[in-house]
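Student: Those protein sequence lines, which keep their order, are chains A and B.
Residues in the first sequence are numbered from 1 upward in steps of one, following my numbering.
Residues in the second sequence are numbered from 1001 upward in steps of one, following my numbering.
In case anyone wonders, no lab produced these hints; they're calculated from the structure.
Be a bit skeptical, because a hint or two may be false.
Result set (DSSO-like, lysine-lysine): computed pairs, CA atoms no more than 27 Å apart in a straight line [said to hold, decoys possible]:
#, chain 1, residue 1, chain 2, residue 2
1, B, Lys1002, A, Lys20
2, A, Lys4, A, Lys37
3, B, Lys1054, B, Lys1075
4, A, Lys3, A, Lys121
5, B, Lys1002, A, Lys37
6, A, Lys20, A, Lys121
7, A, Lys37, A, Lys3
8, A, Lys37, B, Lys1101
9, A, Lys4, A, Lys20
10, B, Lys1054, A, Lys105
11, A, Lys111, A, Lys98
12, A, Lys4, A, Lys121
13, B, Lys1090, B, Lys1002
14, B, Lys1095, A, Lys20
15, A, Lys98, B, Lys1054
16, A, Lys121, B, Lys1101
17, A, Lys98, A, Lys20
18, B, Lys1101, A, Lys20
19, B, Lys1095, B, Lys1054
20, B, Lys1002, B, Lys1075
21, B, Lys1054, B, Lys1090
22, A, Lys37, A, Lys7
23, A, Lys121, A, Lys105
24, A, Lys37, A, Lys121
25, B, Lys1002, B, Lys1095
26, B, Lys1090, B, Lys1075
27, A, Lys37, A, Lys20
28, A, Lys20, B, Lys1054
29, B, Lys1090, A, Lys20
30, B, Lys1101, B, Lys1075
Facing chain B, from chain A, some residues (calculated, C-beta under 7 Å) [claimed, not checked]:
#, residue
31, Gly17
32, Gly18
33, Lys20
34, Pro51
35, Gly55
36, Thr56
37, Thr63
38, Cys68
39, Asp72
40, Val83
Where is the CB? At the ideal position from N, CA and C, for every residue including glycine.
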Amino acid sequence: MNKKFVKGVLTGEIASGGMKAIEINENEIVVCNNNGKYYSIQRRCGHMNAPLDLGTLDGIFLTCPMHCVQFDITNGDALSGPVPPDITHEIMSPVIGKYMQNISKLMEQVKTESIRTFETKLEDGWVFIEI
Amino acid sequence: MKWIYVLDDSTLPEGQMTVVFPLGVNVVLARVDGSIYAISGKCTHMACPLFAGKLNGYTITCPCHDWRFDIRTGKFLDASELGLEVYPVKSETGKVYIDVKAMA
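Chain A with its partners taken away, still in its complex shape (with noise of 0.2 Å):
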């Protein structure tokens, strides 16, 4: 199928350092805009899917909501892997415990993998994306 250039947001939408998510033919994408570059990636997380426009961008770095995983804007490289989560000073119930155990070891066989890019252009103050 041959790829074109779809219209996406208005960079007025977005400020520095801001994400918009959007979906444009099923495609869930995220736009950032880093000081004026747009840049467009898959809006899922490549470690346990949550959207990544909850998350933060600092620069071309961009961090999961969830378990602060970064990824590279400009080409979905991973950066880094999940960070434990500070839960062992908690007061917790046995069966929340419990919980938190299984979900543990499974989350030691999660896998972080890169994510998808877009190609991203501007056009009179839109931000087009290819798909």
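Fit chain B to the supplied structure of chain A, relying on the hints for placement.
Tutor: Below, chain B without anything else, positioned relative to chain A:
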């Protein structure tokens, strides 16, 4: 000033924080002792999302490496020359607004 509506005042309980995205930028809102504060939600250290951390009084602690900041001033508690951006915030007729002029 350029005020953007971010949430209804009644949805932010005392002693709690939430995250909002004016112009797509991650901002933490917290209400302590009745006042609402708005600070950048990106840790000064490695930009980890502070919303995933802990709020204790006026102190917010980053989930990644435990960096602590004062939500009133944005200052890093261990070295005040470092800190987070603080945004003007107001609540009018039940709606909370953030001034996004500094983001432009």
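Student: Look at each hint and say if it fits the structure.
Tutor: Hint-by-hint comparison with the structure:
1. B:Lys1002 to A:Lys20: 19 Å, holds
2. A:Lys4 to A:Lys37: Distance ~20 Å between A:Lys4 and A:Lys37 Cα, so the pair holds.
3. B:Lys1054 to B:Lys1075: Holds, because 16 Å separates the two Cα atoms, which is no more than 27 Å.
4. A:Lys3 to A:Lys121: 14 Å, holds
5. B:Lys1002 to A:Lys37: 23 Å, holds
6. A:Lys20 to A:Lys121: Since the Cα atoms of A:Lys20 and A:Lys121 sit roughly 16 Å apart, the hinted pair holds (cutoff 27 Å).
7. A:Lys37 to A:Lys3: 22 Å, holds
8. A:Lys37 to B:Lys1101: 19 Å, holds
9. A:Lys4 to A:Lys20: Between A:Lys4 and A:Lys20 the Cα gap is close to 21 Å, so the pair holds against 27 Å.
10. B:Lys1054 to A:Lys105: Holds, at about 25 Å.
11. A:Lys111 to A:Lys98: Distance of about 23 Å is within 27 Å: holds.
12. A:Lys4 to A:Lys121: The hint holds at about 12 Å.
13. B:Lys1090 to B:Lys1002: 12 Å, holds
14. B:Lys1095 to A:Lys20: Judged against 27 Å, a Cα distance of about 22 Å means the pair holds.
15. A:Lys98 to B:Lys1054: Given pair A:Lys98, B:Lys1054 holds - Cα atoms ~23 Å apart, limit 27 Å.
16. A:Lys121 to B:Lys1101: 25 Å, holds
17. A:Lys98 to A:Lys20: With Cα atoms ~37 Å apart, A:Lys98 and A:Lys20 exceed 27 Å; violated.
18. B:Lys1101 to A:Lys20: 18 Å, holds
19. B:Lys1095 to B:Lys1054: 25 Å, holds
20. B:Lys1002 to B:Lys1075: At roughly 24 Å apart (the allowed maximum being 27 Å), B:Lys1075 and B:Lys1002 satisfy the hint.
21. B:Lys1054 to B:Lys1090: Given pair B:Lys1054, B:Lys1090 holds - Cα atoms ~23 Å apart, limit 27 Å.
22. A:Lys37 to A:Lys7: 16 Å, holds
23. A:Lys121 to A:Lys105: 43 Å, violated
24. A:Lys37 to A:Lys121: Between A:Lys37 and A:Lys121 the Cα gap is close to 9 Å, so the pair holds against 27 Å.
25. B:Lys1002 to B:Lys1095: With Cα atoms ~15 Å apart, B:Lys1002 and B:Lys1095 stay inside 27 Å; holds.
26. B:Lys1090 to B:Lys1075: Roughly 21 Å separates the two Cα atoms, so the pair holds.
27. A:Lys37 to A:Lys20: Holds. A:Lys37 to A:Lys20 sits at ~14 Å (cutoff 27 Å).
28. A:Lys20 to B:Lys1054: Given pair A:Lys20, B:Lys1054 holds - Cα atoms ~25 Å apart, limit 27 Å.
29. B:Lys1090 to A:Lys20: 24 Å, holds
30. B:Lys1101 to B:Lys1075: Distance ~21 Å between B:Lys1101 and B:Lys1075 Cα, so the pair holds.
31. Gly17: Holds, about 5 Å.
32. Gly18: Check passed: Cβ of A:Gly18 comes within 3 Å of chain B, closer than 7 Å.
33. Lys20: Where the cut-off is 7 Å and the nearest Cβ of chain B is about 5 Å from A:Lys20, the hint holds.
34. Pro51: 11 Å, violated
35. Gly55: 5 Å, holds
36. Thr56: Constraint on A:Thr56 satisfied, holds at 4 Å.
37. Thr63: With a minimum Cβ separation of about 5 Å from chain B (threshold 7 Å), the hint on A:Thr63 holds.
38. Cys68: With a closest approach of 5 Å, the A:Cys68 hint holds.
39. Asp72: With a minimum Cβ separation of about 13 Å from chain B (threshold 7 Å), the hint on A:Asp72 is violated.
40. Val83: Nearest chain B Cβ about 5 Å off; hint holds.
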